[in-house]
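S.K.: Let chain A serve as the given structure and place chain B on it in line with the hints.
One line per chain: the protein sequences are A and B, in this order.
In this text, residue positions in the first sequence follow UniProt numbering: the first is 1, and each later residue adds one.
In this text, residue positions in the second sequence follow UniProt numbering: the first is 1, and each later residue adds one.
Please keep in mind that the hints were generated in silico from the structure rather than gathered at the bench.
Bear in mind the structure is a predicted one, so any value in this text is a computation, not a measurement.
Take the hints with a grain of salt, since some may be wrong.
[Unchecked claim] Quick list of in silico lysine-lysine cross-link-like pairs, DSSO-like style, CA-CA up to 30 Å:
1. 57/B <-> 163/A
2. 162/B <-> 163/A
3. 224/A <-> 202/A
4. 202/B <-> 162/A
5. 102/A <-> 202/A
Okay, here's what each chain looks like letter by letter:
Number of protein chains: 2
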Amino acid sequence: MERNDLAALLYTENHEVPYYECDVTNRMTPAMILNTIILISEHQNIELGLGIDFLDKFNLGWVVVQYEIDIERMPVMNETIAISTQATSYNRFFAFREFWIKDSNGETLVHVKSTWVTMDRTARKMVSIPEAVILPYQSEAVKRMPRLKRPTNINESDDLIKKPYQVRYYDIDGNGHVNNAHYLEWLTDVLPMDFLTTHEPKQISLRFENEVQYGHMIESQVTKPVESEGSMVTHHQIVVEDTISATATIEWRSRVE
Amino acid sequence: MERNDLAALLYTENHEVPYYECDVTNRMTPAMILNTIILISEHQNIELGLGIDFLDKFNLGWVVVQYEIDIERMPVMNETIAISTQATSYNRFFAFREFWIKDSNGETLVHVKSTWVTMDRTARKMVSIPEAVILPYQSEAVKRMPRLKRPTNINESDDLIKKPYQVRYYDIDGNGHVNNAHYLEWLTDVLPMDFLTTHEPKQISLRFENEVQYGHMIESQVTKPVESEGSMVTHHQIVVEDTISATATIEWRSRVE
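So here's chain A without its partners, still in its complex pose:
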């Protein structure tokens, strides 16, 4: 366990990207970025004695509220990447965790900022973060949390592309909830294939509002891509009937072969 410039403990692991974590262009999918960073943070939790067994004693679970993902370049098939994480800072109700994905030259490919809360498992309600579950990370106690970029809301007048998706059995993880990475799959899959093969995300702001459940038919809605300050931008939402489950804004760059 090494120490970063900042106070919080930094945890790093290598990951070799298999073909089945990649899309048709052999680049890692945005959903697999989320899956692998969460895997590495779980490994840090276990190393510090803060794994699921420990949280069970408090009847608590960590729940992510928001991600801001900056992408310099997507990892590619068979590439070995180094994934690092630290629980940077926290206040009474929120914890701020960062992740970095670097290539073999130490260049940062992806930087993820995320905001987390602790949820009482029985009441399914947010509770203040007990010191016992946060202090071992050596996070910095702060008054104000770093502000992540919020997704832009979709307006009723926007011209939308929509597609229905069935929430599947295999979308449910070991906690009995839909794995968050699937939201990112639904959010992006709705875009036309010729757009997805010629663009890659530059920045993703993703916010979770309400949980979807097994068996739900969700609808993924996206504004038609428009140019803004030299990038293409799309605004997204996942809805179940009239309830918004997640929102996102994605800035895209043209893909270079």
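M.R.: Relative to chain A, chain B alone:
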């Protein structure tokens, strides 16, 4: 590269099963079994100089026709498994490849038998297997291929459970085709959740008939589980309009916690 009791070269790699390759019961999903064994066979191909670049020279691709998967126990979350493969035997048109997944005590958890053909990429037609792409595996040349158990066809009179699935952008792999593992996802996802959480596959016979395409709406159809010789058995098919894309028969055992 070690040698097996049989003639063909055996290739082995370890794999640690991350949470996102598991289902709600923290067992590896059938689809991820296929993804990981194919990864390991790709690594053997590369080690022997028989990777995609080499096949490109012949304008050929390997295509799997049928799997027979015998499961003693599914690998579980965080378990380190050893995955082995060998290209056991071949004749003019077919190659027979086996895979073994073993636990840390060397016990076999999963044994997969599979039949492959070489396909001309332009004509999308099966061609006889060139010696150059098969000899380096030291496979045994045989007259008769081992017979894999064929799935039982569904009858029109069968009482079926059906569910539609959209073929998604992320279902397409780097070759531009739907990754075969997704068929297994559609085939099993259609079953009720309370069946899937209380049973695990004991044997899966899976046969590919016709390729599905991006944008297709496929229907997964399954007979209601019935008991046969002490096991539950289900018969499956994936259809696109009137065309059968894949068939499967799955024998299930009750899950022991």
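S.K.: Look at each hint and say if it fits the structure.
M.R.: Hint by hint, here is what the structure shows:
1. Distance check on the hinted pair: residue 57/B and residue 163/A sit about 40 Å apart at the alpha-carbon level, beyond 30 Å; violated.
2. This hinted pair checks out: residue 162/B and residue 163/A have alpha carbons roughly 20 Å apart, not beyond 30 Å.
3. In summary, the hint linking residue 224/A to residue 202/A is supported, as the alpha carbons are separated by about 17 Å, within the 30 Å threshold.
4. Among the hinted pairs, residue 202/B with residue 162/A is inconsistent with the structure: their alpha-carbon atoms are about 39 Å apart, more than 30 Å.
5. Among the hinted pairs, residue 102/A with residue 202/A is consistent with the structure: their alpha-carbon atoms are about 16 Å apart, no more than 30 Å.
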